[in-house]
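The primary structure of each chain is shown beneath.
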Amino acid sequence: MSDVHAESAENHHASRKFLTFLVDAVSYAVHIRHVVEIIGMQHITPLPGAPPHIRGVINLRGAVIPVMDLHARFGLPPFAYNDRTCIVVVEVDHIKEGLIVDTVSEVLDMPLSNVESTPEMGRDPGTTLVEVIGKVGDEVRLILDIRRVLGIAPAPVRAAA
Amino acid sequence: MFETESEIDDPELLELLGEFLQEAREGIAEVEPVLLDLERSGAQNTVEVANRAFRFFHSLKGTAAFLGLEHVCRVTHAAESLLGRYRDGSSGPLGVAEVQLMLNAVDVIRIMLDQVEIDRTDAGTATAVDRLVTRLTAAVEQSGVKPPPVAVFSPPPALEEEAAGPAAAPMSPPPAPAHPIDEHDEPATAANRSQGTNQASSLRVDVGKLDQLMNLVGELIIAETMVTRSPDVQGVGFTGFQKSSLHLRRVTRALQDVAMSLRMVPIGATFRKMMRLVRDVSARLDKKVALHIEGEDTEVDKTVAEQISDPLVHLLRNALDHGIEMPDARAASGKPPEATLRLTAAHRAGEVWITVEDDGRGLNRERILAKGIERGLVDPDRGELSDSEVFDLLFQPGFSTAAAVTELSGRGVGLDVVRKNVESMRGRVEVTTRPGQGTTFIIRIPLTLAIFDGMIVRVGEVLYTIPLRSMRESIRPDRRALVQLPDGAELIRVRQRHFPVLRLHRMHGVPGAVEDPCLGILLMVEDGDQTACILVDEVMGQQQTVVKGLPAGVNTGAGITGCTIMGNGEISFIVDVGSMLAATRARPTAVAVA
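Protein sequence lines correspond, in order, to chains A and B.
If you number the first sequence the way my numbering does, the last residue is 161 and the count never jumps.
If you number the second sequence the way my numbering does, the last residue is 594 and the count never jumps.
Calculated from the structure, these hints are not laboratory results.
Pulled a few chain A residues facing chain B out of the computed Cβ check, cut under 10 Å:
#, residue
1, L47
2, V57
3, I58
4, N59
5, I65
6, I95
Every residue gets a Cβ at the ideal spot worked out from N, C-alpha and C, and that includes glycine.
Construct all of the structure, not just a fragment, from the sequences and the given hints.
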């Protein structure tokens, strides 16, 4: 790897930039390095036999990628898609997947000092998928562990609250 | 120039090293069957065999010396010295002992090549080489006839010996080791000459580029469909446009055929690798086996030629270990003590059929069935199972009837892996057997892996593509032809025969599909000896289908093996009829209830 590359990768990492979005009025965040692009809602082909939180697949310029509904993934009741609904396309470990979110908020810079690991918060799927909590002023952003969300890494078993 | 015992790191030499490894392996693939053949058929043209083997070792030695691979040089040189005794026939014919030594040399070289590939030096192989060289040298001395000038082999460095000029042409480091160095002192055999012309008119191409070409052809076909079937031009009836699109279609099809043919290689090389396996395994088992290979020229996709190797090894080992009896047992049942193992390949109706056939004891239906019940794979209360259902048990994970776990097989890993490998090539495995007379495994793989003709059908919101080769007919059923069984299974009568009705939407949980078979269409599909009718809402038409893999990390319903993007950008799922029928059979209740 060339020096330029290494440096930019380092900056990238150190920058701790996060894309934040809303799911059921809660603000979540994913690290910007996992985000490929954000696209509007489009026709989703149901994927026969897939688990319920996988809404289906989309044709993203010739690539077929699955799309996950985060409401369903977090165990929330289904919601009606509207014109603010977006698909956040993420990539990790060479797996690309779309995440359906209520709306995309902003890209935030959260320095390392402003994040803390999650306390024991119970077994609600929405929280076992959270990696750390970021603080911006008085507000918090729940930073998702994208591997767990996609089911690449198993969610940890927490003791019942 | 020589950097003995040190790694090769010069980029140019590294490139040469890559070529060297490839050529050496090709050389082994060529020379090993010749040696095995000699060992089997005895002394017919031992001089020619000796010559061919000699040329192999000699050209290997040349390049190895150039690359500073000292130990490779030593082995090849010793082997060459021994073969030198037999090239003019003056030491008599090449015997079994010498052939065995040559095979040992080939084995050692093979190991060295692997090591060189990783370490870029052959330094770690010294001990094995020492042992082999000693044996080869001893054989040279025993070969009786007065040794030619270089026969005395002083162990270590290869370099001095090279300088001393061994038996054949003086070793001049070839400027481009890509070419065999010593044709001049050999009478050009027919094989040689044809090889010469091949070299002139063929070209080595990076496989990555071929894959890229195939992908582009796939994209081109999608683009062509997008243009010619664009909704903008539908029903307008421009004759000129239609003519040109027909022309475009013809050209893309021709291009597709050519691109596809570039990836085709004869299966012979894969088959020849099996010769050694059969020899070694049968020797270890003390069984007498003659391997007959047919259809070596049958061309298959390169991926198939590579991926078929493991399944073949499994099937052959199984046949040798379980299928074929010991010679005395064979004689007792009136069979020739030497068993026949047939490995054949042929093209049949858009498929490649690869068969492994033995004339051993055959499969024991009762024992397999009993084992299946014991393992809980078969419901003991179920009625009579068909032969294919019983033999299908063999392909279940962990299934083995072998009484003892032998070194070779019987651990129950094998046939399920065979099936998985073959299915990954969109193929299937069938087995037939006759008690006491033998077993035949047939591997059927579609000729082309990447593009096929498919029928697009709609079920609810979902589009499926069914390979045309699996389809028989489409039926608009009459209500009187439908039969419902007490257990919920449905049958349809077609020309006095009854076929099961499969509801894709229930298997895959697709909402909004037609429930009443009389309002939809039944597609009769066939796989092997199984036929069923799939209920779909609508048939959309036929289309060249470019296979795309399913996205990673997501589970799909049974029988879906890939997807494809259609001309209008929609996604359709490819159904493999064989695995879908297998899945329904495995869980009959799930289909009826879910």
